[in-house]
Amino acid sequence: RMAQVPAKRASTEGDGGGKKKMVKLSLSPAPVAAVPKVVKLGAPPPAIGVDNSPEALLDRSQRFTEAPVKKMVSLKTSEPPPPAYKKTELGIGGAKAGNIRGTSQELERAYMRLHWVPDPATVRPEPVLIKALTLVKTKWVSQPDYAHANDQLMSIQQDCKLQGITGSTACDAFETHIRIALERGNLGDFAKCLAPLSELYFKAEQKGVGASAWSENADEFVAYRLLHGMIEERDFVTTTSAAIAALSPRQRKSEDIAHAVSVAEALAAGDFFTFFKLYVSAPKMGGFAMDFFVDRVRMVALNAYVGSMNPLIDLHDLKRWLHFNKRKECFRFLKEKGIKFSEDNKFVDTKASREARSTPSAPKRGVAPAVRKPHPTKL
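Here the sequence shown is numbered in the UniProt record's numbering, starting from 1 and rising by one per residue.
Be careful, since some hints might not be right.
[As the list claims (entries may be wrong)] Computed list of lysine-lysine pairs in PhoX-like fashion (alpha-carbon distance at most 20 Å, straight line):
{"hint": "1", "residue 1": "K284", "residue 2": "K137"}
{"hint": "2", "residue 1": "K340", "residue 2": "K319"}
{"hint": "3", "residue 1": "K337", "residue 2": "K351"}
{"hint": "4", "residue 1": "K340", "residue 2": "K277"}
{"hint": "5", "residue 1": "K161", "residue 2": "K131"}
{"hint": "6", "residue 1": "K192", "residue 2": "K161"}
{"hint": "7", "residue 1": "K340", "residue 2": "K328"}
Rather than coming from a laboratory, the hints here were simulated on the basis of the structure. Since this is a predicted model, take the numbers as computed values, not measurements.
Generate coordinates for the entire structure from the input sequences, incorporating the hints supplied.
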């Protein structure tokens, strides 16, 4: 039987408080106090359920020694890993093109308008660029798409510039671009590619190898550059004449360059008969290049014919003199220039044409003068 009684007040020596505690009184014998064990400092601490015998400790140590040993790798290797891509600005005060080494294997990619150094993983090395050029040519022959071909050729030229490629691959990229621009009558792309191609030829001459070492078509495109200088009459004296004077004797013997020089001489002398004869017999794509300024020469020749002949000129003769393929094309050209015709539209009335063209009518207020469409390119 158990009972609860108030505990006696503890002595004040070891306890400063006067709190009352409730203790249980039991009839069972009081527990015997545990005798503390003495543990040596050098011995391992006792653990419940763990065998600390010398044999067990030896087994455990051998178990860990059988694990694979980790090798220490030095951070200083003979071939350091490629540096991570860092965004760097191009141009003045930033990085310069020509120091990139591309790793991309893609044959096609879109042209990038860059203000920063691109990731080398997006730039194609020269062997890939050669395959990409072949693909562009193949697609252009099978299914011409000027927008796609123009974009791909610009991206190839961009990869060449970024990596400092200046050999035959870069020349081929610009020459191919010029050819398809001539075929489609795109004067902007034609002129845009001539300048860097001329720089490549000049670099080849500076290195002592000659432009023909980088491109077997160098003379052909030098001739196109001469013909391009004849498009604007004001550039003829300053640009084309200086370029002709700088030609070497070997270049003057080339068929393409000799033709371009003859065209320049015919223009300078006002020899329209010789000019149109050269226009019809132009080698390779020289006729396409002359298409950009043949209408201007036709206009000068027309003024000479109308101003010196009276009273009528047969339309058939004008078609032959101005080298139009069809009578309808010649009639439309003359009508756009304000030429007056006879009642049956078979002859040009030179007197009426001179009077009409000497007093041009002013455009109506608020209406801009009509712009003539460019002459269609021969295909």
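Hints, one by one, checked against the model:
no.	hint	result
1	K284 - K137	holds, 17 Å
2	K340 - K319	holds, 15 Å
3	K337 - K351	holds, 15 Å
4	K340 - K277	violated, 27 Å
5	K161 - K131	holds, 17 Å
6	K192 - K161	holds, 15 Å
7	K340 - K328	holds, 15 Å
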